[in-house]
Structure formats: C-alpha cells, structure tokens
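A.B. asks: If you want the building blocks of each chain, they are given just below.
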Amino acid sequence: MAETDHDAHDATVETATVAHGDAGHSGSFPPFDPTYFPSQIFWLVIAFGALYVMMSRVALPRIAGVLEERRLRIATDLDKAEELRAESEAAIAAYEAALAEARTKALAIANETRGRITGEIDALKAETDADLKLKLSEAEASIDAMKENALARVRGIASEAMVAIIEQVLGQAVDRETAGRYIDAEFSARR
Amino acid sequence: MSNDPIHQFQIKPIVPLEIGGLDVSLTNSGLYMLGAAAALTVFLTMSMGGRALVPGRVQSVTELIYGFIADMVRSTAGSDGMKFFPLVFTLFVFILFANMVGMFPYAFTFTSHIVITAVMALLVIGIVVFYGFYKHGLHFLGLFVPKGVPWVMLPLLVPIEIFSFLVRPVSLSLRLFANVLAGHITLKVFAGFVATLAAVEAWWGVPAAGLPLLMTVALTALEFLVAFLQAFVFAILTCVYLNDAIHPGH
Numbered sequence: 001m002a003e004t005d006h007d008a009h010d011a012t013v014e015t016a017t018v019a020h021g022d023a024g025h026s027g028s029f030p031p032f033d034p035t036y037f038p039s040q041i042f043w044l045v046i047a048f049g050a051l052y053v054m055m056s057r058v059a060l061p062r063i064a065g066v067l068e069e070r071r072l073r074i075a076t077d078l079d080k081a082e083e084l085r086a087e088s089e090a091a092i093a094a095y096e097a098a099l100a101e102a103r104t105k106a107l108a109i110a111n112e113t114r115g116r117i118t119g120e121i122d123a124l125k126a127e128t129d130a131d132l133k134l135k136l137s138e139a140e141a142s143i144d145a146m147k148e149n150a151l152a153r154v155r156g157i158a159s160e161a162m163v164a165i166i167e168q169v170l171g172q173a174v175d176r177e178t179a180g181r182y183i184d185a186e187f188s189a190r191r
Numbered sequence: 001m002s003n004d005p006i007h008q009f010q011i012k013p014i015v016p017l018e019i020g021g022l023d024v025s026l027t028n029s030g031l032y033m034l035g036a037a038a039a040l041t042v043f044l045t046m047s048m049g050g051r052a053l054v055p056g057r058v059q060s061v062t063e064l065i066y067g068f069i070a071d072m073v074r075s076t077a078g079s080d081g082m083k084f085f086p087l088v089f090t091l092f093v094f095i096l097f098a099n100m101v102g103m104f105p106y107a108f109t110f111t112s113h114i115v116i117t118a119v120m121a122l123l124v125i126g127i128v129v130f131y132g133f134y135k136h137g138l139h140f141l142g143l144f145v146p147k148g149v150p151w152v153m154l155p156l157l158v159p160i161e162i163f164s165f166l167v168r169p170v171s172l173s174l175r176l177f178a179n180v181l182a183g184h185i186t187l188k189v190f191a192g193f194v195a196t197l198a199a200v201e202a203w204w205g206v207p208a209a210g211l212p213l214l215m216t217v218a219l220t221a222l223e224f225l226v227a228f229l230q231a232f233v234f235a236i237l238t239c240v241y242l243n244d245a246i247h248p249g250h
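As you go down the protein sequences, you meet chains B and P in turn.
The first sequence stops at residue 191 when you use this note's numbering, and every number in between is there.
The second sequence stops at residue 250 when you use this note's numbering, and every number in between is there.
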C-alpha cells in the first residue's frame, strides 16, 4: 500500500517535471513572459494585417455586392409589382366604366326602341282605325247607294205594275210619269 | 498530460526566426493566428462564391455576421463610421474565431495573451486618436469637456475624462485577456478535479467526480457564451470609441 502511494507520488512529480521541461520556461506565467512578445506582435501584425486586407479588399466588397444586388432586385421587383397592381386596377376601373357605359347605352337603346315601337304601333293603330272608318263609311255609302238604287228600281217596277194594273182593270192608259208621282207621294207619306 | 492549468498557455517555438536581433520565431501562437486569418479568409470568401440571390446555409452565416457588424457600426458610430467597418469586422471575426477555436481541447487560444489583446486595443485607440486629430484638429480635445456642465466643475471633470480616456486601452485589452484566461484556467481546474477525484481509492471517489464533471459541462457552455460575448464587447467598444473620434462633440 505504502509502495503504491510512493509510486503514484513519483509519477505525479515526473509528469509535472516533464510538462515543465516541455514548456522550457519554467517558473514564469506564460502570458506575462516577455520572451515571445516580439514574436507574438510580429505574427499578430502579419496575420491581422493580411486578414484586414483580405476582408476589406475581397470578402467584404463581395458580400456587400451580393446584398446590394439582392436589395436592388427586391426593390425592382416591388416596384414592378406595384406598377402591375396599378395597371390591373386601372384595367378594372376601365372595365367597370365600360360596363356602366354599356349598361346606360343598352337602357337608352331599350327605351328608344320601346318608344319607337310604341309610336309605330300607335301610328299603325291610328292608320288602321282611319282605314276602317273610311271603309265603313264607304260601305255605308255603297249600302245607301244600293238602297237608293233598289228603291229607284222598285219605283220603276211599281209604276210599271201600276200602269199595267190600271190598263187591265180600267182599260185606261196611264202614263208612267203620273204613276211614278203617285208612288213617290205614297212612299214619302209612309216613310 | 499535465494537470497544470497554466500549461495550456505555454508558447512553443516551431520555426526559429530572428530579425534584427529579435526572436520572432513562428510559435504555436503565431501558427494559430495565421490559421485564423487563413481560415476566415477562405470561409468568408468561398461562402459567397455562389453569389446566390437566395443564400444557402453557409452564405447566410456570412451575411448574418456582415449584417450584424454593419448594423452595430451604423447604430453606434453613425453612417460616417462605416469607413471603419472593415476594421471592426476584422477585429470581431478574428477574436471570435480565436475564442471559439480555443474552446477545442488542446487548442491554443491566442486571445489569452495580454500582448495580443494589448496590440489590438492600442491599434483601436491609436486609430481613434489619429483620426480624431486628423478630422477635427484641436476640437477633438473637446471630447474631454463634457457639455452642459457648470464651468466650476470643469477643473474636476476634465482630469477625470482624460483619465477615463487613458484607461480605455487598458480596460479594452484586459477585459478580453482576463475573461479568456480566467475561463480557460477555471475550466482546466474543474476538469482536473474530475481526474483527481476519480483517482481517489475510496468508494466515494468516482461518484464525487461527477460534481466537477457537471461543473465542467456547465462552464463549457458558459465559456462558449463568453467567447462570443467578449468578441462582441471588443467590437462594440471599438465602435463607441470610434464614434468619439468621428463626433467628439457628444
């Protein structure tokens, strides 16, 4: 047991010694050890300087270019979208205006047509009425004429018959005119 | 592997190099810095390779970081501050990458070294001072004279303002350095407890090791948050300080 402990202790001491030997600068705290200050500064200047040049000359302009390109592209696209939107709105407005105009026009046409047709119908009706009236009066006139004619003929026939009857019955000749006058008087008295 | 929590911060030379008598050997730290720069360049350039109008997953990550930092600079330092956008962006991704890579076990975290954070903080303050005087001349000193304060108070307030300005590089570098360093040490210490307790030759050894294990898991999550947060804080403070240089009147 004691021997194991001793061995372990030995091993620790050895590792520690090896570690310090590795480092080469035993005793001082490395961050405050000035041995490598010049080296640190030298390589920092080189590494940082190189990085700065690469960043400011190559990497950052490249990133900025891509970001700017994207910004421009988005702005352009938004502008375009806005433009298209305005265009479509204008198209809708134009369509609606055209629709309203067409509707008014259609209404006007319908009204006009209705008025025209009503007028035509009225005119036709009036014409027909006038026509019918004319025909009616014509017919009445013709009936009157026919009546007159018929009456005139009846007078002729009656006077002839009267002459014949008087001749037969009385054996006396009567002239037709006188018979006609008798008949006329008889007619007007009965009428 | 050693249980020494400081071991992870050791700098080891890989390629020995000397310029003008100074030891500038390529170390593990230098290698990680070069790796960070290379990986970031490749990722941030290649991810935009498609230049897709509708980004894919990788491209949106890059665009997200870009938008995040660009918004931060614009809202903190105004649109005039956008000329410093590459600087803030580079600082942010560099620190973020270093902190995140540092979360991998056995990885080296170069933001845990005060020299690194100090140089970056001095770079920022140096640009603020240089740009402030370049742009506004002596009006830049108006930064130290708060507006709308009775003049009797000025002899007291101006030194305080100057002092707070001088403390900026110190606090900027120390904040990042200390957070990363402390986080990594804590993580290592608790992870070490797991091994130590599990090795105890008693019935309670292994069960007891579960406690620091849970702690290590929780701390790992916290450290990921800190890794991001410290990169963010460094970047936003850079913006705030730059704003002073751009608009010293405020």
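It cannot be assumed that every hint is accurate.
What the hints assert, rightly or not - Over the 10 Å line for every Cβ pair with chain B, so calculated as not near, a few chain P residues:
| id | residue |
| --- | --- |
| 1 | Val-24 |
| 2 | Ser-29 |
| 3 | Tyr-66 |
| 4 | Ile-116 |
| 5 | Pro-150 |
| 6 | Phe-177 |
| 7 | Val-240 |
Unchecked claim - Footprint (simulated), chain B over chain P, 3 or more residues, beta carbon under 8 Å:
| id | region |
| --- | --- |
| 8 | 74–88 |
| 9 | 162–175 |
| 10 | 180–192 |
Since the hints were derived computationally from the structure, they do not count as laboratory data.
Beta carbons: idealized from backbone N, C-alpha and C, even for Gly.
A.B. asks: For every hint, state whether the structure bears it out.
C.D. replies: Verification of the supplied hints:
1. For P/Val-24, the non-interface assignment is contradicted: its Cβ lies about 4 Å from the closest Cβ of chain B, within the 10 Å cut-off.
2. Distance check for P/Ser-29 against chain B: the nearest CB is about 6 Å away, which does not clear 10 Å, and the non-interface claim fails.
3. A beta-carbon of chain B is positioned within 10 Å of the beta-carbon of P/Tyr-66; the least distance is around 5 Å.
4. For P/Ile-116, the shortest C-beta to C-beta distance to chain B comes to about 6 Å, within the 10 Å cut-off, and the non-interface label is violated.
5. No Cβ of chain B comes within 10 Å of the Cβ of P/Pro-150; the nearest lies about 44 Å off, and the non-interface call holds.
6. Distance to chain B contradicts P/Phe-177 as a non-interface residue, since its nearest Cβ pair spans about 7 Å, not more than 10 Å.
7. At roughly 20 Å from the closest C-beta of chain B, the C-beta of P/Val-240 stays outside 10 Å, upholding its exclusion from the interface.
8. Check on the region 74–88 of chain P: 3 of its residues sit with their Cβ under 8 Å from a Cβ of chain B, so the three-residue criterion for coverage holds.
9. With 0 residues carrying a beta carbon less than 8 Å from a beta carbon of chain B, the region 162–175 of chain P misses the three-residue requirement, and the given coverage is violated.
10. Chain B is given as covering the region 180–192 of chain P, and this is violated because 1 residues of the stretch bring a CB closer than 8 Å to a CB of that chain, at least three being needed.
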